[in-house]
Every structure is written in C-alpha cells, then in structure tokens.
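Protein chains: 4
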Amino acid sequence: MSKSEICEHLIALGADFHRRGWALGTSGNFSVVIERAPLRLAITASSVDKSCMTSDHILEVDGRGRMLNGASGKPSAETLLHIAVVQATGASAVLHTHSVWSTILSDYHRGQGGFHIQGYEMLKGLEGVSTHEHEEWLPILENSQDIEALAGEAEALLKEQSNLHGFLIRRHGLYTWGQSLAEAKRHVEILEFLLESVGRRRMMEPIA
Amino acid sequence: MSKSEICEHLIALGADFHRRGWALGTSGNFSVVIERAPLRLAITASSVDKSCMTSDHILEVDGRGRMLNGASGKPSAETLLHIAVVQATGASAVLHTHSVWSTILSDYHRGQGGFHIQGYEMLKGLEGVSTHEHEEWLPILENSQDIEALAGEAEALLKEQSNLHGFLIRRHGLYTWGQSLAEAKRHVEILEFLLESVGRRRMMEPIA
Amino acid sequence: MSKSEICEHLIALGADFHRRGWALGTSGNFSVVIERAPLRLAITASSVDKSCMTSDHILEVDGRGRMLNGASGKPSAETLLHIAVVQATGASAVLHTHSVWSTILSDYHRGQGGFHIQGYEMLKGLEGVSTHEHEEWLPILENSQDIEALAGEAEALLKEQSNLHGFLIRRHGLYTWGQSLAEAKRHVEILEFLLESVGRRRMMEPIA
Amino acid sequence: MSKSEICEHLIALGADFHRRGWALGTSGNFSVVIERAPLRLAITASSVDKSCMTSDHILEVDGRGRMLNGASGKPSAETLLHIAVVQATGASAVLHTHSVWSTILSDYHRGQGGFHIQGYEMLKGLEGVSTHEHEEWLPILENSQDIEALAGEAEALLKEQSNLHGFLIRRHGLYTWGQSLAEAKRHVEILEFLLESVGRRRMMEPIA
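So the sequence lines, in the order shown, correspond to chains A, B, C and D. This note's numbering numbers the first residue of the first sequence as 270 and each following residue consecutively. This note's numbering numbers the first residue of the second sequence as 270 and each following residue consecutively. This note's numbering numbers the first residue of the third sequence as 270 and each following residue consecutively. This note's numbering numbers the first residue of the fourth sequence as 270 and each following residue consecutively.
Isolated chain A (complex conformation) (with noise of 0.2 Å):
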C-alpha cells in the first residue's frame, strides 16, 4: 500500500471504530509497516480523536520509534509496543483497541496472567485457525506507563509464544495484528466479538 492508502484506510478504520465504542476518547492506536528493512512505520499521531482523522494524524517512525521525514506532531505513546510486535512476529500491521468487554475481562483474569478461548467458530477467523476446537490463549501484560519496559514484556512473550493472536493489558485493551491491515481489522472484529460473547457468557453462568 502507498502511504495515501495506508492513510485513507486508517482514517476509515478510526472511524468505525470509534463508532462501535472501541476507539472513544484518544484510544486506540494503529500501525502499518512501510518498509521493513530499515523499518518504517506509519503509525496514528499521540492524543488523536479517531472520529476524524486527516492524513496529517499518521505519522512517520523508525524502528526505534523517532519521527521520520520531519513532519509535525507527536506520535503514539505507545509507539514502541508497536514496534515490538511488528519485530517480534514479523506483522505488517498492529491494532489496538480499547473496548469495555477487553477492558473489564483483562481485569478479571488477572489473576490467571491470562485465559483461554475455546470451542468458538469465530476463531476460524484467527489466521492459521482451522477448527473451533482449537485453544486461543488470551494473555493479559499488567498495564504500565512504562512503555519501554513494557514493549519489552510483549516483545518476550511474542517470542516465547508465537502461536498468539493478541494479547490484553489489563484494563488497558487489546493489541492484535497481521499480514495486512486487512488481516488485523478481522483480528480485531473477531477477538472483540469473543471476548464479547466470553464475557456475557459468564454473566449467564450461575442460572445454568
């Protein structure tokens, strides 16, 4: 994709969804790789209200974070948890999204670092998932504002696990990623509308 591409498809994206309630505020942030050696990355600008993003809120980085191309404004501060995933598994483009179901079941589970999903279809729409039967684990980073130490966490566990899809911060949100824009927005949909159906499944729970 051509940087007005990426551009054009990040605004749209910022758009649906700051509608659906993943994006409110200025959460959310959205990367797609440029070029992978040197890495470059175009990535949303810090404090940016996704509802209506120009092509001036994407910015330029480098693979140690640094503006490129000296254009202005401030990128993501959490830039480098990007980075770290796009390292870690070799994705071309990292969403995060900050939801009331990720954040509310990140909490949750914290105490088990974690949780499974299984036994769900949707999960078919996880790439490389070709049954429901298969087990997604879910693992939630304790949430941090240190983000170097904490794209550090991720970049750890991104190696030590490399059949994840996503992973929480808790009471943080969701990070997920793909081989393509495309790929990460399925990601998202998907792992939102599980952690969703997770969360009003367990509410029903003790009427079973």
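Since the hints were derived computationally from the structure, they do not count as laboratory data. Keep in mind that the hints are not guaranteed to be accurate.
[To be verified] Here are a few chain D residues that face chain A, going by a calculated C-beta distance under 8 Å:
| hint | residue |
| --- | --- |
| 1 | Tyr-389 |
| 2 | Gly-394 |
| 3 | Met-472 |
Given the structure is predicted, the values throughout are model-derived calculations rather than measurements. In this text, a Cβ means the ideal position worked out from N, Cα and C, and glycines have one as well.
Since the structure of chain A is provided, determine the placement of chains B, C and D on it from the hints.
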C-alpha cells in the same frame, strides 16, 4: 430477482448485518436461489468482509456446491449447509448470522438440544405464525468442521421437523431462511431479537 | 402537517427506530391524525419493513379502521389500538415500538399489572411532568390476538387513568402518544430510555 | 471559535450523542464560552431534540443566564449549572449528557456521595492525568428542580475540589467540561466509557 439485483440486495444486507455485529470478521454467509431445477445458487464467497462486499463476492454454485460460470473465488465453506436448507425446506434464500446472543444461547442450552420460544408477539413475524402463543422450537446442532456431515444432519432435522424457522449451531450462530430474501431477512431480525430478549430475560430471572 | 409531510416524517422515524432495534422485523406501527371529526388517520401498513418505507406504506383509515381513498395495501393489524388511543386521549400521533427492554420488563412485572417509574430526571421529558419526583405508572395489558378486545381494554384503561403517558402490552412492547408527532417521538425516546435504565438497574440490585 | 463554528460543532456533537443514546428525548445540554469578561455563553435551547438541531437552537446568555441579542427561544433550564461550572473551573465548554450508565451508577452509589474510578488506562484521557494509577473521584449531587440551589452546590463542590473532571447528578446524568469544546467532548467519551466499564464490571463481580 436478476443476478445484479441479488448482488445489490446481499451487499446492502451484509453491510447492515456487519454494522449490527451479526456478521463480524468474515462470519456470516448468505445465499439466494437463482434457479431451482437444476439448482443454481448465488452465495457469498468464503472469507469475505461483509461490510464492503462487491458483486465479485457473490458466486454461483450448482446443487453440489461446485462453482459455475468460471468465476474466480471460493464459495462459502458452508455452501453445503445452504444447499441442504434449500432442498429440505424449498426456501428461496438462506441467511446465516453469527451474533453474540445466538452464540451464547446455543451454548447455554446445549444439554437440551434446543429450546422453546413462546409467548412473544414478535414470533408472529415468522412466516405462518399467527399468534404469540405459538411455541417455536429452536434446535441446536453440535458444531463440526465436517460440513458434509453437518449438512446431512441439518437436512435430516429439517425433513423431520417441517415446522422450523431456523436452527442454531452450537457457539456458531443462526441459520434461517425464507420464500424470498426479504422473508429470510425478516426471520433473521425476528430471531435475533428473540434471542436477545430470551437471553436478557434469563439474566433477570434470579432477581424476580 | 400535510399528508406528504406526515409520510416524510414517518419514513425517517421508521428508519431511526429500526436502526436502534425498536422496530425490527415488521414490528412497530405508527399513526398520525389527519382530521379529527370525522376521524382520519395516517397509519403504517401491515407487515412493512420499517427500515425502508415509502409513502405507499402510509395508508389512510377512518375511525373504524377502514381504508379510505381506495389505496392498496392493508393497514396495521393494530389499527384499532391506535384509534382507541386517539379517542381516549385526544392524541395527534400514536407510536408503538417493540424493543427488547419493553418486551422483557412487560413480562417481568406481569404479576403486578404494571410498575412505577419514579425519581428519574428523564421523566420530565413526558408532557406535563415538571419534576423527577413524579411517579409514572406504566400499566401492562395482557397480550391478545383479539385486537378489538385489546383496543377496548386500552380505551377503558386510558379513560380511567387520564394521567398515563404510555402502556405496555406483555411481551409485545410499548404504546405511547403525543399532541404532535414530535411529542410522541420524544415520549418513545424517554420511555425506552427509562425502560433500559430500570432494567439494567434491576440487574445490579443484588450486588448492592 | 466564531459563533457559527460553535453552532456547527454543537449540532454535530448533538447528533452524535443522540445516536449513542447519551442525549435522548430532549435530555442533554451543551455550552461554549464566547467571551469571558463579561461572560457570554452559547448554550443549547431548552427542550430541543438533539438529533436535529439548527443554529436557531444555540442561544446566547450572559453570566446570570439572561438571553442576549434579542434571540427567540428559551435557554436550557440548566443554564445556571453551566455558568457555575464555567465560573468555578475556568472551563471554556461544558457538556451534560444523560446516559443509561450515568443514570444508574449515580443511583447505585448515592449512599457514598460518589465513587472512585482507579486503575483504568482510559483515565489518561482526562486532562492532566498521566497514569492509570490516578484515582478519580466522581461526586454525586442529589437531584433537585431548584436549579439555583443545585448550581450553588455544584459551584461549592468545584471550588472545594479543584481536581475533579466531572460530577454526576443522581439519576440525572453527567456534567463534564474542558478548556476547549474538543477537550470537553473527549471527557464525555472517557467518562461515559469508564461508567459503562465500571457498571458492567460490577455485574460480573459475584461470579469471580
């Protein structure tokens, strides 16, 4: 309906169902009978994002699910289920949605093989139902990746119980159909409404 | 309002209510008084998809529910209920919505014949209510397919209790009305908001 | 911002909040400071449907809530509350929304006079907050139809606790503000998100 009208309607329906969260990721698939003997079916392609389909994503298959007219793409993995429904019920359109409520209720009631919905005025939106006192049985099939076997089960079920308007596949969503695409769409809305009502009603129960 | 303005407003209102899930399938029906003596009512046709009405779906009936002006189509099956409301209250517009929350609360409270809503600021959106301390009684009628009988019950209820702003039919939704279509639409929004608030509040109760 | 820009922004914001269910009926009211000394405020008119405002619905008032410039219409009944917030906090914009979650949580916690929100990353969207560990106190004022008294209470509260970003009025919704309309809108989204998260999290508690 002509092929281009079918495309136009399925594209609009896909966008609407996607917006409502009934066809996220690449879930959901939709078909319309073009000709009955020999059977020719327009069906959504496999792994398509329902929010932005084009007519290239509506393929034509025969009564055994084989592609017709040399079109490119791959028909929905669940094509045989659509054909089974068409053949067992005589329906002209088959719609499969994958909502949160159908997913969790098909799990909640797995032990009983289905559940009754009774006493709701909304039931009258199902073809041939003229009173809220109607007792609708919504069977649940166990999910499987062997679509041929699953299609066989669905066909046997529908031939045995000719009064059904839909069925669930466990943790996989809803199948419904109609004598026209408009009737099938109405059945989706009716059944999704009833599933949400039954699910939320159940969550209030212990407080009564 | 002229007939064409009535059509324009009801078409927009139908699309909005359908989008919100208050008039799915072919549920919901809406009417506006054209002339009061002798009564002429514009009312939505039976079995119409509210997301895509045209002016052909707005029919004209007299005070006994008979079609006027030789238009084709069939007026809403619940026409007599609309007429009963108009005659008992003097309303200029009657709106019937069919949401999940009105459906389940009308079932939950069936034993008490209705329930009070009190202490909510939103009550002030109901015509003539000037304080949140107002106690609104929302009666529940048992559902029936004998619309003539149901209309009789509604009329008796409304004549007996002249301070009502709406009533529920069990597992069938809400009727409300107003001195104008705008007032009736406001009453729908107010009462649907209150129903959702009351319903969700009740689900938090045992945790308090 | 010019008066016409203020109108344009408030009209768009009203339509968005109405769509989300945060300003149904005629609930919600919004204001922007035009000039600070002497105070001139643009504020939404009383009893307006927020889904379809025009610039006629944005009125101008002075620091005592009196209409300026001979415009017709009646300013929001809660004008004095807006003025109290502007004067106590120095805010440039004040937004009052009326969602289901703010309504029920302001009731649920009435006994404690408010509640803390802590540990959520989303808190960082509140101006001046730089860590999820921040403890935000959301006070609850008892509702009253004596707006002058309520405005006095709000002003006293805001002067006493200068670190607040919003407050609730019991069963009446949320007030928040900002140094700009964009900041105030962001605060609405942040606080409404947090209220929904806190509310749903609480409903999962007993299952843990």
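So, going through the hints one by one against the coordinates:
1. Tyr-389: Nearest chain A Cβ about 5 Å off; hint holds.
2. Gly-394: Constraint on Gly-394 (chain D) satisfied, holds at 4 Å.
3. Met-472: holds, 6 Å
Comparing the model with each numbered hint stated earlier shows that all of them hold.
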